[in-house]
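Protein chains: 2
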Amino acid sequence: MKPRTVKPFEIISQEGLARATLLHTPHGTVETPAFMPVGTYGAVKTLSPEDLKAVGTQVVLGNTYHLYLRPGLEVLEKLGGLHPLMHWDGPILTDSGGFQVFSLARLKTVTDDGVLFQSHLNGDTILLTPELSAHIQQVIGSDIAMVLDECVALPNSLGTLKQSVERSVVWARKFLEFPRKEGQLIFGIIQGGTNFDLRKQSLEQTSALPIDGIAIGGLSVGEPTSAMLETLEFLAPQMPNEFPHYLMGVGTPRDLMEAVRLGVDLFDCVLPTRCARNGGLLTDLGLLNIRNSVHRLDAEPLDRQCDCECCRHYSRAYLRHLFQTKEILGLRLATLHNLQYTHRFMQQMRQAIKCGMFSKFYHEHKEQLAIAYPNREPGEMVCS
Amino acid sequence: MKPRTVKPFEIISQEGLARATLLHTPHGTVETPAFMPVGTYGAVKTLSPEDLKAVGTQVVLGNTYHLYLRPGLEVLEKLGGLHPLMHWDGPILTDSGGFQVFSLARLKTVTDDGVLFQSHLNGDTILLTPELSAHIQQVIGSDIAMVLDECVALPNSLGTLKQSVERSVVWARKFLEFPRKEGQLIFGIIQGGTNFDLRKQSLEQTSALPIDGIAIGGLSVGEPTSAMLETLEFLAPQMPNEFPHYLMGVGTPRDLMEAVRLGVDLFDCVLPTRCARNGGLLTDLGLLNIRNSVHRLDAEPLDRQCDCECCRHYSRAYLRHLFQTKEILGLRLATLHNLQYTHRFMQQMRQAIKCGMFSKFYHEHKEQLAIAYPNREPGEMVCS
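Chains R and B are the protein sequences, given in the same order. For the record, in the first sequence the residue sitting at position 384 is 384 according to the working numbering, with numbers rising by one throughout. If you want the working numbering, it's the 1-based position in the second sequence plus 1000.
Calculated directly from the structure, the hints in this document are not laboratory data. Take these hints with a grain of salt, some might be off.
[Stated by the list, open to error] The list that follows gives simulated cross-link-like pairs (lysine to aspartate or glutamate, EDC-like), each with its CA atoms no further than 20 Å apart:
(1) B/Lys1360 / B/Glu1015
(2) B/Lys1181 / B/Asp1051
(3) R/Lys326 / B/Glu1015
(4) B/Lys1162 / B/Glu1230
(5) R/Lys366 / R/Asp212
(6) R/Lys53 / B/Glu1050
(7) B/Lys1053 / R/Glu309
(8) R/Lys162 / R/Asp124
(9) B/Lys1078 / R/Asp298
(10) R/Lys78 / B/Glu1300
(11) B/Lys1078 / R/Glu300
(12) B/Lys1053 / R/Glu50
(13) R/Lys53 / B/Asp1089
(14) B/Lys1326 / R/Asp51
(15) B/Lys1174 / B/Glu1230
(16) R/Lys360 / R/Glu15
(17) R/Lys53 / B/Asp1051
(18) B/Lys1053 / B/Glu1300
(19) R/Lys78 / B/Glu1050
(20) R/Lys360 / R/Glu377
(21) B/Lys1354 / B/Glu1242
(22) B/Lys1053 / R/Asp51
(23) R/Lys354 / R/Asp112
(24) R/Lys53 / R/Glu77
(25) B/Lys1078 / B/Asp1089
(26) B/Lys1200 / B/Glu1230
(27) B/Lys1007 / B/Glu1182
(28) R/Lys7 / R/Glu31
[What the hints assert, rightly or not] Facing chain R, from chain B, some residues (calculated, C-beta under 8 Å):
(29) Val1038
(30) Gly1042
(31) Ala1043
(32) Thr1046
(33) Lys1053
(34) Gln1138
(35) Val1139
(36) Val1294
(37) His1295
(38) Leu1322
Please read all numbers here as calculations on a predicted model, not as lab measurements. All residues carry an ideal CB built from backbone N, CA and C; glycine is no exception.
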């Protein structure tokens, strides 16, 4: 292996726990705090890579479970991995496949070897092991791979949570023993639900592993917002400062800001893109439902302050009309807006941290965002 | 009314019957032969106006029937017409609404006053008169309006065809008596199915009207390709040379070339866009079905000769994968390709006419295109 000439992770500026960092990957550097749109099957739904660059996307998340099923390893290998396949030359992070197995697949049997399940597409029986997850992510050629973890929905029993913590560290060790792909970063994942003891145990075991970054899994999976924030308040300050911190499956502008305050650098969530396709548009005042008849005759853009393609060129009346008539252009314009909104928000927080103004930014936005994006109730999923 | 300073229609070059022309409209000049993509509800499905310009679209067709139902006249009036609503600053042609009433609506009663029907969306009873069609097209603000005609499917009885010819001319007169919108061009429509006598009668009556262009309606509506071409061979050479000639609902590269040879200047068809959304991609060798498993591992672009976004950036393997996984990006890339392919083909014919090389072009392509786009059988619809 060549010696590393650049450290893969640099903290540029820090204010309290909040950090502005540079995360170097084989396909370029990510300026954090950063949001990663979800490109399940090797495409962020409705958008091309050029669209992603236009809205400010730096790094795309690919789903290992989905890509393993379709197009499958043979196609990925033949085409040279996901970067050339999807024509995206920036960084890619892949999840481990675990979360999708637990949420989508049928007839699961979980052991220390891995998880045996039936594909949700055709019923094929598949054994996803830590080693297979590592192999798939290497064939995909992601810049950042995630260890295989066992993610359980909330609420759940203490026994189940404890088992998921223990099994996740067993799997993580096996994953990390698999021969590495040069340059690929590997992040570990902390589990433990909203139980502080389990979170502490998982954090200690995970951060002792030979990893390049650390992620918080098992949040935003059905628990109320307050429980998520309390767990973050407890856990995030204890995370080793020298690692990149990644909060999986978050989220709303409010959750993003709360987590950045606690030192989280990276996020992914289907919220901006999935809400967009349902006509839910991110604004400072909350999710705006463009299907609402109040917008029928409205010649104003969605958001006067926004410089995305959607807000520069189209009226609310037209956007509503596109949704009423099920025009695909509407889905794309809404997605462009929601991603540009989210990326701009991250960029504003980064700028604030660099200027030592994050605390001010936080207090200026806290109250309004709590009203705009109210607490989720137990069992309520994000933008479901 | 201001005197016209530029003639609305200029023939730049002619070779046999084939012409290269300039059609001047309030929103710019169309270089013909030209193909108009169909933007039913004020959007060419999956594409933005910037996309349309990138693939070479000069003029967009809007559907009067659809736009009258949604967003409706109140929204169109409030937003200042379709151009600002959809953010397209180029020419727009609107059909009369007649074809959609006959193909989509229920419980139709046709009289010399108009057609009484029930909306296919909500069952509302609507009386579409020639005057209402003219009014809607003025509110839409199209550059080119079409007179209301009665279009009947083929095959049909001589009596029905005869009645549609007679009623169409009655409606056209009423339409043309409605006060004009300054600058808006109005085209008449010839009916008569594949009956030569009726076509001749309709042509004579229509071309005597105070119109700015003349269209052939009632073809590509279920008749076999041979019958369509025979009717065109009979009819097109008799059309007054000084009018723009528009063949409605056509079509395939082969049909486009045959009609250009006979002096047709303008075309519209859902074929390139609808086929694209079904995975049917236009190539010189015919429609390629990208879902076919033969493309699974194919790293080649769809068409090496094509410089569209789809062919520049993506492999057949990826495009197939997008269709397999129902990714919207696939629909958009396929649409971009099919439109750019069609516009480039029209541009090549225009260039050939201007150089006196159209006859050579025609004979070089005739045989290959007849194989690539074989005859349709009776009742077979284009890309259904």
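Hints versus structure:
Restraint check: the Cα-Cα separation between B/Lys1360 and B/Glu1015 comes to about 11 Å, which is no more than 20 Å; the hinted pair holds. Note on B/Lys1181 and B/Asp1051: the hinted pairing is violated, with a Cα-Cα distance of about 30 Å set against a maximum of 20 Å. The suggested pairing of R/Lys326 with B/Glu1015 is violated, with an alpha-carbon distance near 44 Å, which exceeds 20 Å. With a C-alpha separation of about 19 Å, the suggested pair B/Lys1162 and B/Glu1230 falls inside the 20 Å cut-off, and the hint holds.
Restraint check for R/Lys366 and R/Asp212: not satisfied, since their Cα atoms lie roughly 32 Å apart, outside the 20 Å limit. Proximity of R/Lys53 to B/Glu1050 is assessed by CA-CA distance (about 17 Å); at most 20 Å being required, the pair is judged to hold. Distance hint between B/Lys1053 and R/Glu309 is fulfilled; the C-alpha atoms sit about 15 Å from each other, no more than 20 Å. Pair hint R/Lys162 plus R/Asp124 does not hold up; C-alpha atoms about 30 Å apart against a cutoff of 20 Å.
For the hint pairing B/Lys1078 with R/Asp298, the CA-to-CA distance comes to about 8 Å; that is within 20 Å, so the pair holds. Between the alpha carbons of R/Lys78 and B/Glu1300 the distance comes to roughly 11 Å, so the proposed pair stays at or under 20 Å and holds. Pair hint B/Lys1078 plus R/Glu300 holds up; C-alpha atoms about 12 Å apart against a cutoff of 20 Å. A threshold of 20 Å between alpha carbons decides the hint, and for B/Lys1053 with R/Glu50 the separation of about 17 Å falls inside it, so the pair holds.
Between R/Lys53 and B/Asp1089 the CA atoms are separated by roughly 26 Å; this puts the pair beyond 20 Å, and the hint is violated. In summary, the hint linking B/Lys1326 to R/Asp51 is supported, as the alpha carbons are separated by about 19 Å, within the 20 Å threshold. Pair hint B/Lys1174 plus B/Glu1230 does not hold up; C-alpha atoms about 31 Å apart against a cutoff of 20 Å. The hinted pair formed by R/Lys360 and R/Glu15 meets the criterion: a straight-line CA distance of about 11 Å does not exceed 20 Å.
At roughly 16 Å between alpha-carbon atoms, R/Lys53 and B/Asp1051 fall within 20 Å of each other, so this suggested pair holds. Restraint check: the Cα-Cα separation between B/Lys1053 and B/Glu1300 comes to about 26 Å, which exceeds 20 Å; the hinted pair is violated. Distance hint between R/Lys78 and B/Glu1050 is unfulfilled; the C-alpha atoms sit about 34 Å from each other, more than 20 Å. For the hint linking R/Lys360 to R/Glu377, the alpha-carbon distance of about 29 Å lies beyond 20 Å, and the restraint is violated.
Our distance criterion of 20 Å between C-alpha atoms is met by B/Lys1354 and B/Glu1242, whose separation comes to about 18 Å. A hinted pair counts as satisfied when its Cα atoms are at most 20 Å apart, and B/Lys1053 with R/Asp51 qualifies at roughly 16 Å. Proposed proximity of R/Lys354 and R/Asp112 is contradicted: the alpha carbons are some 44 Å apart, above 20 Å. For the hint linking R/Lys53 to R/Glu77, the alpha-carbon distance of about 26 Å lies beyond 20 Å, and the restraint is violated.
At roughly 18 Å between alpha-carbon atoms, B/Lys1078 and B/Asp1089 fall within 20 Å of each other, so this suggested pair holds. At most 20 Å may separate the alpha-carbon atoms for a hinted pair to count; B/Lys1200 and B/Glu1230 meet this at roughly 14 Å. In summary, the hint linking B/Lys1007 to B/Glu1182 is supported, as the alpha carbons are separated by about 15 Å, within the 20 Å threshold. Restraint check for R/Lys7 and R/Glu31: the C-alpha separation of about 14 Å stays at or below 20 Å, so the hint holds.
Below 8 Å, beta-carbon pairs count as interface contacts, and B/Val1038 has none with chain R, the closest being about 13 Å; its hint is therefore violated. The beta carbon of B/Gly1042 is positioned within 8 Å of a beta carbon in chain R (closest approach about 7 Å), and the interface hint is therefore held. Given hint, B/Ala1043 at the interface with chain R, holds; its Cβ is 5 Å from that chain's nearest Cβ, closer than 8 Å. Interface restraint check for B/Thr1046: the shortest CB-CB distance to chain R comes to about 5 Å, inside 8 Å, so the restraint holds.
A hinted interface residue such as B/Lys1053 counts as satisfied when its beta carbon comes closer than 8 Å to some beta carbon of chain R; here the least separation is about 13 Å, so the hint is violated. With its C-beta approaching chain R no nearer than about 19 Å, B/Gln1138 sits outside the 8 Å limit, and its interface hint is violated. Nearest Cβ of chain R to the Cβ of B/Val1139: about 14 Å, over the 8 Å cut. The hint is violated. The interface hint given for B/Val1294 is violated, since its Cβ lies 13 Å from the closest Cβ of chain R, which is over the 8 Å cut-off.
Annotation: interface hint on B/His1295 violated; nearest CB of chain R at approximately 10 Å, more than 8 Å. Because the smallest distance between the Cβ of B/Leu1322 and any Cβ of chain R comes to about 6 Å, under 8 Å, the interface hint for this residue holds.
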